[in-house]
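Chemist: So you can see what is in the structure, the chains are spelled out below.
Number of protein chains: 2
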Amino acid sequence: MAVYTHVPAEEMAEFLTRYDAGELLSAKGIAEGVENSNYLVETSTDRFILTLYEKRVNEADLPFFMDLLDHLAARGCKVPRFIADREGRRLQQLSGRPACLIEFLTGISVTEPKAAQSRAAGKALGEMHAAAADFTGTRPNALDLRGWHDLARKCGEHFDDIAPGLGKRVAEELAFLDANWPADLPRAVIHADLFPDNVLMHGDEVTGLIDFYFSCTDVRAYDVAVTHSAWCFDFDGSNYHPERAAALIAGYDEVFGLSDEERAAFSTLCRGAALRFMLTRAYDWINTPADALVTRKDPLAFLRRLDFYASADPKALLGA
Amino acid sequence: MAVYTHVPAEEMAEFLTRYDAGELLSAKGIAEGVENSNYLVETSTDRFILTLYEKRVNEADLPFFMDLLDHLAARGCKVPRFIADREGRRLQQLSGRPACLIEFLTGISVTEPKAAQSRAAGKALGEMHAAAADFTGTRPNALDLRGWHDLARKCGEHFDDIAPGLGKRVAEELAFLDANWPADLPRAVIHADLFPDNVLMHGDEVTGLIDFYFSCTDVRAYDVAVTHSAWCFDFDGSNYHPERAAALIAGYDEVFGLSDEERAAFSTLCRGAALRFMLTRAYDWINTPADALVTRKDPLAFLRRLDFYASADPKALLGA
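Those protein sequences? They're chains A and B, same order as listed. Quick note: the first sequence uses my numbering, first residue 4, plus one each step. Quick note: the second sequence uses my numbering, first residue 4, plus one each step.
Derived from the structure by calculation, the hints contain no laboratory data. Please note that a few of the clues may not be correct.
[As the list claims (entries may be wrong)] Rough simulated footprint, nothing fancy, chain B against chain A, three-plus residues with beta-carbon under 8 Å:
hint : segment
1    : 23-30
2    : 112-118
[As the list claims (entries may be wrong)] List of simulated lysine-lysine pairs, DSS-like, C-alpha gap at most 27 Å:
hint : chain 1 : residue 1 : chain 2 : residue 2
3    : A       : K157      : A       : K300
4    : B       : K58       : A       : K300
5    : A       : K58       : B       : K117
6    : B       : K81       : B       : K171
7    : B       : K117      : B       : K318
8    : B       : K81       : B       : K117
Idealized CB from N, CA, C, for every residue including glycine.
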């Protein structure tokens, strides 16, 4: 929620001369993308997002993200393309950082999704999966089951500072997932972070899927589970909204769909998704001072989801 | 440099229905205005800045700012108007904060002003002073000579943590200003903070004067001195640029101008301006932890300006 690298306006104007992108009229640092510096840039011809990659994004991953979004956009997905300069370069350096000029998409991110909006999100996810089917790029998921074990080890005894008994709960859940994680399901490139924040909408229509910086190769249905955990609960995980879940799955089924094997494993995939966000939030919680000016996201909001998934009727998760 | 109050998109869309302002298409929290939360809002008809006032702006002052900007805009100054809703209200409540919808102006803020840009800024300041001449609102300047004494007392012994001998230097400067401050010069409503950050430009043209939240009633020529201290040095105060100063004063003279009495006092006014920003920066420096995520502005950048003003040929400040 901050601009980390300040780009002087003169330097930005000069940067834009590399592109067929008009002349700089306005640039506002925007509070988006916890891990990057972003500017909303207006030129005499168009609007763009200018992103400077800070240390948490690995520059070596950028070509994967660029190729993926080009691939998806070419197949009609509403995703922001990376803009190439006159010499065809998409990746640049600006103010000492890797930097890209990116298509601007309008739309707002809903906070309390309605069923129709959940359905549209599910459909957009299905369209993305269909479009990614012939994408040949790959990127390992650092936050897979093995990565969750690593995170849990790093949090260690500090778990119980967040909630008494949390360390034991995590260990038990990891043991369950080790025994039950569906290793044989189809793998593909997934978004892996399709929260409402990352879906731009106009009314009940999706106008853009954004923030692909966690996208990676993993169990495809796990992407549906992540989206389920993000869309079908109140923000703090306190209430489950079955009508959103039914709509999300119906939207996904409309254009892509889950196989019987994926449906059978869906409850386990959702437990994994809830654990993944609980763990990264717990890690950030433990490693962020309470008086820091960044908002710490509550890990317990995803512990509540995990508890729900562990006790819910698996069929009910799919809206049956 | 942050959005303090997060407004859910649904709430923002509902808020906009009070206005003839189209339908919400996009909203980005922008990293502007250290003291408020700001969103760049796009609707089906226009773009706006949505500002939520955080605790450092006194709600009781808002009508003064609104009336001033209306007055200036009506006289052709390029300042952002406050937008009234269908019932004529400009001041609203949103997410528990006083909030206003404000005209969006394009333009970028230069970092290293060229002489032509300094001239345009001086001219815009002169136009503002001309337009404000028949404005009847008043607002005391909390950061006047008495306010500087208060700030210096609050910083007290901590001055010397910033630089050895700084406390003594401040006391001597305050004694000089007590003895020499020109109390009899014309007073008017001034901007009081016209840094390059607060001037939007397109090339060498001013497209907007913004951020009037320090505007107040004080010695009018002091506004020229503040602008001089902000535009005529390198960022860190290390180099004075006489060509910018000459251009700034020439631009101001073109439309408004300084009297002989104001010229005679200008050096003292500049010393006051430099001290004012040194003191507020020192106060923030002392009261902001070194590891906080906000950037602390260096008080010494204005001590260097103060040293320059205290030793420079007064005539040279005016480009003579």
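Chemist: Evaluate each hint against the coordinates.
Modeler: Results of checking the hints against the structure:
Counting residues of the segment 23-30 of chain A whose C-beta sits closer than 8 Å to any C-beta of chain B gives 4, which meets the bar of three, so the coverage hint holds. Counting residues of the segment 112-118 of chain A whose C-beta lies closer than 8 Å to any C-beta of chain B gives 4; at least three are required, and the coverage claim holds. A C-alpha spacing of about 18 Å is found between K157 of chain A and K300 of chain A, which places the hinted pair at or below 27 Å, so the restraint holds. Straight-line distance between C-alpha atoms of K58 of chain B and K300 of chain A comes to about 24 Å, which keeps the hinted pair within the 27 Å bound.
Between K58 of chain A and K117 of chain B, the direct Cα distance comes to roughly 34 Å. Violation of the 27 Å bound is thereby established for this hinted pair. A C-alpha spacing of about 42 Å is found between K81 of chain B and K171 of chain B, which places the hinted pair above 27 Å, so the restraint is violated. Restraint check for K117 of chain B and K318 of chain B: the C-alpha separation of about 21 Å stays at or below 27 Å, so the hint holds. About 20 Å separates the Cα atoms of K81 of chain B and K117 of chain B, which keeps this hinted pair within 27 Å; it holds.
In summary, the structure is inconsistent with hints 5 and 6 from the numbered list given earlier, while agreeing with the others.
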